[in-house]
Amino acid sequence: MGENYSSVIVCLRYFTDFKRAFSIFSMATPTSTNDFLLFKESNGDMELHVRQVGSTFTGLPSEQNMWMSLCGSWDSVTGLSQVWINGKPSARKMGYTAGSVLNGKPIIILAQDQDSYGGKFDKRQAFISQLTDVHMWNYVLSPCEIQHFTSDLNFTPGNVLNWRYLEYTIDGHVVLENKQTPCQE
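Counting in my numbering, the sequence shown runs from 16 upward without gaps.
Hints are supplied without guarantee of correctness; some may be wrong.
DEER-style ranges, computed between Cβ atoms [unchecked claim]:
#, residue 1, residue 2, range
1, 32, 194, 15 to 25 Å
2, 174, 79, 10 to 20 Å
3, 171, 93, 30 to 40 Å
4, 190, 114, 34 to 44 Å
5, 119, 183, 12 to 22 Å
6, 114, 171, 20 to 30 Å
7, 67, 153, 14 to 24 Å
8, 193, 166, 38 to 48 Å
Quick list of in silico lysine-lysine cross-link-like pairs, DSS-like style, CA-CA up to 30 Å [what the hints assert, rightly or not]:
#, residue 1, residue 2
9, 34, 103
10, 194, 103
11, 34, 108
12, 194, 34
These are calculated hints, taken from the structure and not from any lab test.
Heads up, the beta-carbon is just placed ideally off N, CA and C, and yes, glycines get one too.
Given these sequences and hints, build the entire structure.
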């Protein structure tokens, strides 16, 4: 996995009945515990943190008991951050400084916020439910590419993280199962 990122986008799918706050994706480096963090607040707002600088996105779809597609992006060229829920974009917001690079050996944790590099977890921020199709790219996807991911069409898998070939370790109570898909009519 590379160690310098001038842009980042993470896309994934999740399913939950939670109304409380939870972390979905956490990337920490030795110099920043929130190098790239996707965090959902209890009121449904989505937060995207880049190098400890958070942007809050409001008014986005927030459904319980259904699969939700989420993409969060940061572009170093402009400094803008954005999230997409089920293919619908948020407003773009000024995030971490334009022209900056995220660097350092990353530790990525799914479903839990890192309050220190690779640890110091708060169980009240844990995501407990279903998570799949996690991909990460070191460039910003076009709106069409995000739509392809959201619709589960032919999309280019992540070049940093690719769910199909992910190397991982399990910690705590985690159940691995095949993805459930609806019957074709």
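Hints versus structure:
no. : hint                     : result
1   : 32 with 194: 15 to 25 Å  : holds (18 Å)
2   : 174 with 79: 10 to 20 Å  : violated (32 Å)
3   : 171 with 93: 30 to 40 Å  : violated (22 Å)
4   : 190 with 114: 34 to 44 Å : holds (43 Å)
5   : 119 with 183: 12 to 22 Å : holds (20 Å)
6   : 114 with 171: 20 to 30 Å : holds (26 Å)
7   : 67 with 153: 14 to 24 Å  : holds (20 Å)
8   : 193 with 166: 38 to 48 Å : violated (20 Å)
9   : 34 with 103              : holds (21 Å)
10  : 194 with 103             : holds (23 Å)
11  : 34 with 108              : holds (25 Å)
12  : 194 with 34              : holds (23 Å)
Violated hints for the displayed structure, listed by number in ascending order: 2, 3, 8.
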